[in-house]
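Protein chains: 4
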Amino acid sequence: MKVGARSWRAPQRFFSVSRRLAEILDAAALPDRIVPHYQKTKTSSLLSLQWPRPPRNILLMPKLHAPSVTVSAVEFAKHIHSNYPGLNLVFEDHVARDIHETLPFPIFTVEPSEAAVKFAQKIDLVTTMGGDGTILRAASLFSTHNRVPPILSFSMGTLGFLGEWKFEEYKRAWRECYMSGCPATTEDLVVPHTRAAGTGPQIGSEMAASEAEWESVRGNGKCMGLNRSSKILLRNRLRVGIYDEHGRNINDQLVPTATAAPDLGLGKLPASSATPLSLHAINEVSIDRGVHPHLAILDIYVNNHFLTEVVADGILISTPTGSTAYSLSAGGSIVHPLVKSLLITPISPRSLSFRPLVLPLHTKVVLKLSKRNRGRELPVSIDGKRRVNVTIGMEVRVEGERLEKSDVEGWRGGVPCVIRAPTKGDSGGIAEDDDSWVGGLNGLLKFNYPFGASGEH
Amino acid sequence: MKVGARSWRAPQRFFSVSRRLAEILDAAALPDRIVPHYQKTKTSSLLSLQWPRPPRNILLMPKLHAPSVTVSAVEFAKHIHSNYPGLNLVFEDHVARDIHETLPFPIFTVEPSEAAVKFAQKIDLVTTMGGDGTILRAASLFSTHNRVPPILSFSMGTLGFLGEWKFEEYKRAWRECYMSGCPATTEDLVVPHTRAAGTGPQIGSEMAASEAEWESVRGNGKCMGLNRSSKILLRNRLRVGIYDEHGRNINDQLVPTATAAPDLGLGKLPASSATPLSLHAINEVSIDRGVHPHLAILDIYVNNHFLTEVVADGILISTPTGSTAYSLSAGGSIVHPLVKSLLITPISPRSLSFRPLVLPLHTKVVLKLSKRNRGRELPVSIDGKRRVNVTIGMEVRVEGERLEKSDVEGWRGGVPCVIRAPTKGDSGGIAEDDDSWVGGLNGLLKFNYPFGASGEH
Amino acid sequence: MKVGARSWRAPQRFFSVSRRLAEILDAAALPDRIVPHYQKTKTSSLLSLQWPRPPRNILLMPKLHAPSVTVSAVEFAKHIHSNYPGLNLVFEDHVARDIHETLPFPIFTVEPSEAAVKFAQKIDLVTTMGGDGTILRAASLFSTHNRVPPILSFSMGTLGFLGEWKFEEYKRAWRECYMSGCPATTEDLVVPHTRAAGTGPQIGSEMAASEAEWESVRGNGKCMGLNRSSKILLRNRLRVGIYDEHGRNINDQLVPTATAAPDLGLGKLPASSATPLSLHAINEVSIDRGVHPHLAILDIYVNNHFLTEVVADGILISTPTGSTAYSLSAGGSIVHPLVKSLLITPISPRSLSFRPLVLPLHTKVVLKLSKRNRGRELPVSIDGKRRVNVTIGMEVRVEGERLEKSDVEGWRGGVPCVIRAPTKGDSGGIAEDDDSWVGGLNGLLKFNYPFGASGEH
Amino acid sequence: MKVGARSWRAPQRFFSVSRRLAEILDAAALPDRIVPHYQKTKTSSLLSLQWPRPPRNILLMPKLHAPSVTVSAVEFAKHIHSNYPGLNLVFEDHVARDIHETLPFPIFTVEPSEAAVKFAQKIDLVTTMGGDGTILRAASLFSTHNRVPPILSFSMGTLGFLGEWKFEEYKRAWRECYMSGCPATTEDLVVPHTRAAGTGPQIGSEMAASEAEWESVRGNGKCMGLNRSSKILLRNRLRVGIYDEHGRNINDQLVPTATAAPDLGLGKLPASSATPLSLHAINEVSIDRGVHPHLAILDIYVNNHFLTEVVADGILISTPTGSTAYSLSAGGSIVHPLVKSLLITPISPRSLSFRPLVLPLHTKVVLKLSKRNRGRELPVSIDGKRRVNVTIGMEVRVEGERLEKSDVEGWRGGVPCVIRAPTKGDSGGIAEDDDSWVGGLNGLLKFNYPFGASGEH
Ligand SMILES: NC(=O)C1=CN([C@@H]2O[C@H](COP(=O)(O)OP(=O)(O)OC[C@H]3O[C@@H](n4cnc5c(N)ncnc54)[C@H](O)[C@@H]3O)[C@@H](O)[C@H]2O)C=CC1
Ligand SMILES: NC(=O)C1=CN([C@@H]2O[C@H](COP(=O)(O)OP(=O)(O)OC[C@H]3O[C@@H](n4cnc5c(N)ncnc54)[C@H](O)[C@@H]3O)[C@@H](O)[C@H]2O)C=CC1
Ligand SMILES: NC(=O)C1=CN([C@@H]2O[C@H](COP(=O)(O)OP(=O)(O)OC[C@H]3O[C@@H](n4cnc5c(N)ncnc54)[C@H](O)[C@@H]3O)[C@@H](O)[C@H]2O)C=CC1
Ligand SMILES: NC(=O)C1=CN([C@@H]2O[C@H](COP(=O)(O)OP(=O)(O)OC[C@H]3O[C@@H](n4cnc5c(N)ncnc54)[C@H](O)[C@@H]3O)[C@@H](O)[C@H]2O)C=CC1
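Residue numbers (my numbering), protein chains in the order written: chain X, 1 to 457; chain F, 1 to 457; chain L, 1 to 457; chain G, 1 to 457.
Certain hints may be false.
Put simply, identical chains are the same to the list, so a pair is met inside one copy or across any two.
27 Å max Cα-Cα, derived DSSO-like pairs, lysine-lysine [what the hints assert, rightly or not]:
#1 Lys371 to Lys42
#2 Lys340 to Lys40
#3 Lys40 to Lys171
#4 Lys40 to Lys118
#5 Lys166 to Lys78
#6 Lys42 to Lys364
In case anyone wonders, no lab produced these hints; they're calculated from the structure.
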């Protein structure tokens, strides 16, 4: 399978059968990604992760500018390499160059300019290590695609609201996610055709091979609770289109912001071709006044009706996921990620009566720059990761991404996040329907933190 | 059909074939209600009202203590009587006694103590005339049932947020609603069996008869746009159960509040039998401190997880419909009624960090009185219309009512409200998906009302 | 001095020169109170407490219904009795009866019905032991007076925002407060006339006597930092007048609420005589809807101008002190107690645009019950401690209490609270201008409590 | 007096005794300004404007980029010129050049670079014509001075909250302001020494001359209510110091923002000399994240105590005047301009528990850039009119400006705004203590705007 892999950053080098340690290879040579299925379950409103066969290509994204996290990433990589030998570890270009010398086995990457396209073709699963910002960067890498690979996220040190797992749990977390959907008995494995229907085109022998991989891991003797599959929270996104004064989609003009590490991971978007580039936000789309001292003035349309003119620092169109991000700071309500909705939250509006709105997810929201802005430019941001300036006559169109499920292809849309299900010990009698969200409210947002309570609370 | 009707309030009187004018008859004698279907449509997220045959029994509810509204109710009743001769007009007992002398035809009612049961058996459609309070009273009449008849609401004078139609429009409004789902051509009418499937058990001749009624109205020459059906917004409700310290459901102890006119319309609930009385809120369930000067202390559980202890004036569990009622005053976001969710909004909480929450509709919320309340009683209210005191050890369980659609029986759950669709003139090019909600935000709630604007805005 | 003291609760008993242990005596027999002066200082915006001679009559108010606090009160009383022999300990009637048997010395009290009048005549200093509620009760005892004695407050167990001292510190706290203003050297003491000017009329011999008391304490060898005087925060109050439909002041109809222990400490107000009873709030005056399900409707006038009609659960007129109480829960800003102002904060107003107001302290605010309340009664509360119902036509007039300083009589108005100045150790280099308020914000209100912080913060 | 006036923009031209029409002269040649006194009054909490002699040099500031306002300015100027012949009309340089051709008499100006210094020397009274922005520009012109001339403000078209007068009233407004403090009878005028004490140094003859001016206007026959003086609201300001990492004041690095018309009116600040440039804000000092996508992190100190670390879009330190500006949008309370206080209001803080604070005016607030901002720059703005970037290690020190009144020199500090007192007709029985603030709340901010109200409200 890896025969023919061109080694990365050394195009002039000859083909080498025996790959050298610490080498960086081109991820283009990896097999195409495996798309998992997400099954409804009865006990939970979360979905169940079902790999048709074990995942092979893992994108590992450590937090930027955080040497200690890089150290942990190396530890994680080594663990994977020794215990899950068939797996290929992929990194963003700058990370790969940073760490490949410390790894006694080859790793993969793609050129930054090709990241948006190539990762989507190859990556089975993304593992982030860092805070919410790292998860947002991961989602941004796939923001033009409608089948984002599952994201397994570890919070490192500073806590994040979206991060699910503590790094200390990484072995269990990884195993649970890797094995998710793996048939419970060897019996199942040797009769693969019983599961074949609906799992897409698969070559029998390949399948057997990878199931052997599952088997090898399982055989490790660590096999407990394997038939328990990982829980997936499919986070809704917003589809965003930015249009110039001639009605042309200019999504391809969005550039990465500093926090998205333009020079590092998140490349420029591919120039829009015939069909406009579709783009998605997982937190929010925002327009604000930038450095301009004057208030921004925007007309908001909802399902083609004029809703209101907002005079403000800016405006946010958020997902429920984003309801605990910027929207919360701006005074929005906290909306559970399973509520199919979008939020309109003004930022410091010059009005006493602009209360945040929660609308159905499929609502079409259009933001138009009022003529009263007198020709200045306002920055539009997607998850604080990509940005472009808009000016009078331009408009930003936002709409909930449709989640579609076909029998053949499974789910399209959303960002599948692997949720930390409570272990047996944790859950003692507690309902399965725990998506750790309530815990996050209390533990991280200090929701309704009691007056007078001492630290131990 | 009306033979055998006992005249109301005169049980001692003899049977009278020729009913006298201005008589009040017992609604028990009316034919059983007709349950309409609600169809999904492509152009709108609202449903389409489909009468299998024309409605016959109309409950007309004017605002309490408002003589001018009573006058309008009489006008409306006369219009119905002359133009829709087959219809039976039903009133709450105290209204019937108030107005029957001014009406030159018999009307119907039931005893207050039987209202909750009888109306549900007989009423095809409710027409309210008044503000939001009148609509809430109408919904309260059916709060123990899961097939509330459609509500056609007229706002009278003071504006309400839930009221859809202006009284001036009553002829059009009524006609549109009455004809909704009526087959477009006479052809359809003469071949009733083409529609028979799925409309439930009907005796051919009766059907023909009632369709003749449709035909007679249609024949009136006012027939334009008849194949345009009424739009229905199915408002979600919350199922509420109040449990005493022994875990017994005590819903039957709720008594009408003053604003629900205990002595007038909204009778006591039937004593709970084997199966506990199911009860629904259309705005919210609230617990508050009543006249007690101390703060109320409540533990909130969400899907069996402890969420938080709230120390506050009280707490609201609201529907999206109720998001513009008490919850709005208490600082909650405005949630569109089509967002399947419930809201937890604290009332004057003694915490800086209790931000209103929006949770999935099917979330199970339990409110428990903390021991720290030291034995006092706190009033629980349903839509401000029914109330009972709870004390330590008791709990209030709330959950979104399930909306179910079966092929045979149609929709169960929710309150079907007839929406004022824009007329051709109004809509000029504007999307069909208008549920008047945006208009209400701007016109009634003065949402984002601009600074410095003069009155004309 | 105590000769002639009638022993309390035993009027039939004979006169007894040698008072028995554990006796309760009538506080009427105590010498009249000593009114301290409050001096402006240069280093702080707080005032400095200046006793012209040592205080003698101490009212000790432990928290209600809290046996463990009573135990501490006994400990405190014993400490005072042994170390400050000249002092008389006064208790509310029900407390006196509760604890007198555990005290090996006589204590004093007054009949509940006379508390409002007698305490004001006799008490030099109030010491509260409990939470904010106990301090509010103490202030309520003096709410009809304009020279409230200084209040030294200990928080016990559950923290309060107004409580200044931890009980563990009681020896230092008491000593500091008792000695405050005491001349620094013996020299000063023997030449009393050097301080005589401005300290009011004093009989030379009495003064010498009490200074001997100071001296005796000082002589104890614990004398360090004695010339450091206690800091006083003079908390502004609101003057409240409730007027019936004939313009008559009905302040005397206010009755204690449950939390004010009507049957225990806080007696009925003396019936208003020729001049209406003046009444003061330290937290706020509130009107709310009580148990009524309908919204309250009130007209607010500001300096005789109509300001607005509020439709709400209720309305609060708060002091800056009260800005961290109910007003905070209702969404008001936090106002430092030294800002001369009053706050108008609506409770759950049915309006998107009623933002809390902060007005000059001397503003005249009048609340009138709108006719639209349709004849019902609404409860008016003062600090949650006294309440009366008002009805249409009545009005509530509120105005900041004037703080006046005359050379002869010193300060009038406000509630003088003894502030916990940082000890040398604490203050290390820190400005003197610490009134512990910032600490309270962070420690108690969890102001701006950081996201994601673990307990130790 | 005007002999020697160099004509502006034509330094090469010869001296010309007979000034030509439409000429622009150098304001440097004007007599030095007359500083009025502000007297406390008994009937009002506003001050009374007392000119020791009639004002002579008027700075007329029309709104920028608003041709229609320029037309009105011309009308106003002509009225002044014909009716108050002794007055000198001064304009900002770009305005002067714009309009001098339309005026049949000479006008005055100064070079933009000298505006900050020269205007303070010469201007007796500022008249603004425009919205709040124009008033802010006027205040900014004097932001380095502690005796701002009185500002008479006309709102033009779009309403402003600070603007006091409608342009239609300009004749009455001007006359009232000009005559304010003028002695009531001729008698008074001929015996000037009766008023001489306390009005500062005046040469007898000059005084007589200017009083002749008053007399001439009065003699006009329009003399009614002349002894009624103009009411002044002295708006508090904040003193701002920006310090670099070496503790050096860098106020002189603030540059005008676009809305302050850098190239037009508001010149660069004079380079700071030995004593650092003192600078004042009338609305607020703000620090925000600018275009940076990351949150700003600031440490707030209050009177040298650490208060809190704010993680937010930014932070505002506002005056009560500014409480209805940006602070209101950011969720702050509305504070009456007579409440001596400053406000700390966070902008979209990432915390659920950062409630706006109102502190005593003399509080010392210091904002320090946290190291966690990782080296980026954040813009600091003063009233949205001047800006400079600060970076880690720098700090912004803010403190209420002291209002001082000396017998000899009168008031120092604050911005004296001429308030529109109600005319006799308006006031009918209404208290004098009207500073139009309540009217502004209702009329402009739509404070507590009632639900459901139709436009006419
Ligand atoms: N005033 C504010 O609150 C602002 C918030 N943001 C938010 O920051 C996001 C970008 O995040 P970073 O790249 O990490 O920038 P960042 O380093 O500025 O951090 C943003 C903060 O928001 C948290 N966060 C991000 N997404 C979250 C979510 N869905 N729920 C709860 N917390 C969340 C992060 O943990 C971090 O504390 C944007 O999508 C926007 O939502 C951006 C600008 C201003
Ligand atoms: N502080 C507050 O805002 C309070 C609000 N209420 C609300 O009043 C409701 C009962 O209504 P009424 O019987 O008319 O009592 P009511 O006569 O006290 O009026 C309540 C007000 O709320 C409005 N309203 C009711 N439901 C609404 C909705 N879904 N959306 C927008 N506005 C709505 C009504 O038009 C009326 O203006 C309760 O369900 C509760 O939501 C009840 C008590 C206090
Ligand atoms: N929803 C709310 O927040 C309500 C608040 N209250 C407040 O309670 C006060 C009466 O207090 P209690 O007798 O103790 O009744 P309570 O036992 O109901 O407690 C009120 C709470 O407010 C705190 N509190 C009282 N005054 C305070 C102040 N000035 N600053 C900060 N916290 C303060 C107390 O520590 C206690 O936690 C009233 O004056 C009113 O301000 C009363 C009713 C409802
Ligand atoms: N999100 C917001 O609300 C923002 C507000 N501002 C405010 O704008 C001010 C600068 O004003 P402009 O130069 O006119 O800029 P601008 O043209 O952006 O207008 C600011 C708005 O605030 C109003 N305003 C200004 N001062 C006011 C006051 N003291 N009370 C009530 N309303 C007031 C003005 O009438 C105008 O409507 C700043 O001092 C700041 O307070 C500046 C940026 C954002």
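To see whether the hints hold, each was checked on the structure:
1. For the homomeric pair Lys371 and Lys42, neither the shortest alpha-carbon distance inside one copy (52 Å) nor that between copies (35 Å) is at most 27 Å.
2. Taking the shortest alpha-carbon separations for Lys340 and Lys40, both the intra-copy value of 16 Å and the inter-copy value of 18 Å come in at or below 27 Å.
3. Proximity of Lys40 and Lys171 under a CA criterion of 27 Å is satisfied intra-copy only: 26 Å inside one chain copy versus 48 Å between copies.
4. Taking the shortest alpha-carbon separations for Lys40 and Lys118, neither the intra-copy value of 30 Å nor the inter-copy value of 41 Å comes in at or below 27 Å.
5. Taking identical chains as interchangeable, the C-alpha atoms of Lys166 and Lys78 lie at most 27 Å apart only when both belong to the same chain, with a minimum of 18 Å there against 55 Å between chains.
6. For the homomeric pair Lys42 and Lys364, the shortest alpha-carbon distance between copies (16 Å) is at most 27 Å, but the shortest distance inside one copy (32 Å) is not.
Hint violations for this structure: numbers 1 and 4, all remaining hints satisfied.
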